[in-house]
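Peer 1: One-letter residues, chain by chain:
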Amino acid sequence: MSKTEFPPSIRSRPVYADLEPRPGRSHVAVADGEGAEAIVEMLDKAADRPAMLAALHILYAPGPNGTDQWDSLQALGAAQCFRAPTIPTLLPRLGRVVADAHMGTQFYLAGTEGLIGQAERDIMATGFPHAAIQKEHRGSTVRRMQCVHCKGITENVATDPFKCSHCGLWLFVRDHYSRRLAAFQGVNIDAEDKGEIPEPVVRFT
Amino acid sequence: MSGGAKLPVRVAEVVQVNDLIKRFRFVTRDGSPMPAFSGGSHTVVEMDDHGTRRLNPYSIMSDPADSSGYEISVRRDDVGRGGSLYLHNHVTPGMEMVISHPVNLFPLDTRAKKYLMFAGGIGITPFLSQIAQLSHHGGRFELHYSARSRALGAYMDRLTAAHPDRVHCYFDEEDQRIDLPRILANQPIGTHLYVCGPKGMINWVLDTARAAGWPEPALHHEEFLAPPVGDAFTVQLAATGKTITVAPAQSLLEAIEAAGVDAPYLCRGGACGQCETRVIACDGTIQHNDHWLTDEDRAEGQKIMPCVSRFAGKHLSIDR
Ligand code: FES
Chain A
26 MSKTEFPPSI
36 RSRPVYADLE
46 PRPGRSHVAV
56 ADGEGAEAIV
66 EMLDKAADRP
76 AMLAALHILY
86 APGPNGTDQW
96 DSLQALGAAQ
106 CFRAPTIPTL
116 LPRLGRVVAD
126 AHMGTQFYLA
136 GTEGLIGQAE
146 RDIMATGFPH
156 AAIQKEHRGS
166 TVRRMQCVHC
176 KGITENVATD
186 PFKCSHCGLW
196 LFVRDHYSRR
206 LAAFQGVNID
216 AEDKGEIPEP
226 VVRFT
Chain B
10 MSGGAKLPVR
20 VAEVVQVNDL
30 IKRFRFVTRD
40 GSPMPAFSGG
50 SHTVVEMDDH
60 GTRRLNPYSI
70 MSDPADSSGY
80 EISVRRDDVG
90 RGGSLYLHNH
100 VTPGMEMVIS
110 HPVNLFPLDT
120 RAKKYLMFAG
130 GIGITPFLSQ
140 IAQLSHHGGR
150 FELHYSARSR
160 ALGAYMDRLT
170 AAHPDRVHCY
180 FDEEDQRIDL
190 PRILANQPIG
200 THLYVCGPKG
210 MINWVLDTAR
220 AAGWPEPALH
230 HEEFLAPPVG
240 DAFTVQLAAT
250 GKTITVAPAQ
260 SLLEAIEAAG
270 VDAPYLCRGG
280 ACGQCETRVI
290 ACDGTIQHND
300 HWLTDEDRAE
310 GQKIMPCVSR
320 FAGKHLSIDR
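Heads up: the sequence lines are chains A and B, in that order. Position in the first sequence (first residue = 1) + 25 = this note's numbering. Position in the second sequence (first residue = 1) + 9 = this note's numbering.
Only chain A is shown next, with the shape it has when bound in the complex:
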């Protein structure tokens, strides 16, 4: 099963819901990894599936765990279906799609938090209300982390604590999330007592 129940946390921690088809003149779906399943299931709920497919643009990248469900998306027959090898190569294409989009477009994001967060960041940068972007988590729970000290981003963090890939500090993984940066915040774990670093535990898979 690709769905994860996140335990209740601080308000900053994003929460997700199932994608629901909404009326709109066009539809943009962005997914990675197991997020493809959420897109497929959403289309099963569409009142007028052919009409939705005819106005649907899908952008997809395989997940950080290697999951690649491109075939299931391509088989849907959407108006446009684009596959990128990675999230960083998917985002410029999303930027183009969003720049040409009009109000009345619905956005559906599905997959890992790294994909959802970065797509949300780029869509809301246009002024589109973030609360109106649908988001469903699927698949890997690895995190995109910002080091609050050097500001470097470390992708696909699995352990807590983890070593910042930029400055090398050991960072504690917080649930404190920045929508603007599309990243959780990592705070130095041995700032008070230098060298007292707990054994890293795999918390995200």
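Heads up, a few of these hints could be off.
Listed next, the stretches of chain A that the computed footprint assigns to chain B, with coverage defined by at least 3 CB atoms under 8 Å from CB atoms of chain B [unchecked claim]: (1) 40-54; (2) 128-139; (3) 147-160.
Think of the hints as simulated: they come from the structure by calculation, not from any bench. No experiment lies behind these values; they were computed from the predicted model shown. Cβ atoms here follow ideal geometry from the backbone N, Cα and C, with glycine treated the same way.
Let chain A serve as the given structure and place chain B with the ligand on it in line with the hints.
Peer 2: Below, chain B with the ligand without anything else, positioned relative to chain A:
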């Protein structure tokens, strides 16, 4: 004090704009700058209408960058409760009045890429200050403004002269209609919609946008309700132990204030939620006239908005 801090002002200018609309300019009595405000703000004007105290909200239409005064435009309502008639018939330059500090219940969402505005009649006023504000930073907007006739289209000349390619005017008398579906279909992503005007227009614009897939957080509207006139009724103020009678042309809030009881308010038009008051006992029907309470709130019958709502029945007791 309820309603926020007061501003003692002097009327600097009164201008007849057209058959129905007059413009009033307020300045401070000591020549100091007026408090800053943002486009879309309103001020509550206090009036002593021959013994009846009236406090009516009006959008500030002047440029937020102009700190030397505030301007409001008032449409004369011959069948209303009298606030607009008082301003039209009795307020003259030089008069001293009291207004509230500005409050903004219709602010521009500064994250928007573009502002799509719909104004009906006197509903143009908040857009005048918003457009002035946007003009200073080159903000993108598109205004669709409908009025009954050319003669009643206040400020159309000024707007079309300053922004010929962004302002579109429509006249009911000439059977001109806003082509709403086409306009809504052509807006870039990140556009926010603003509408101010008669209730029917607001509902039409919002419902059409929702059906076209516009998300709720991108839809903004403002409608001040004048407190409706109704039958007199009696209310018990449980917290202060007073029993008051609300006259037909008086609002419950005004009656509470007339009894010397301090009650919270901001907009006095059923929009802001500030005056919400707990109902302690109710044997009868609350006539909810606000846009604040939800349908669930109304069904529960535990709350009333005294600035616009009334009551009919045997007994009403509220927590004031
Ligand atoms: S004072 Fe604003 S809703 Fe009553």
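Peer 1: Each hint needs a verdict: does it hold in this structure or not?
Peer 2: Here's how the hints hold up against the structure:
no.: 1; hint: 40-54; result: holds (count 4)
no.: 2; hint: 128-139; result: holds (count 4)
no.: 3; hint: 147-160; result: holds (count 8)
The structure is consistent with each of the numbered hints, conforming to all of them.
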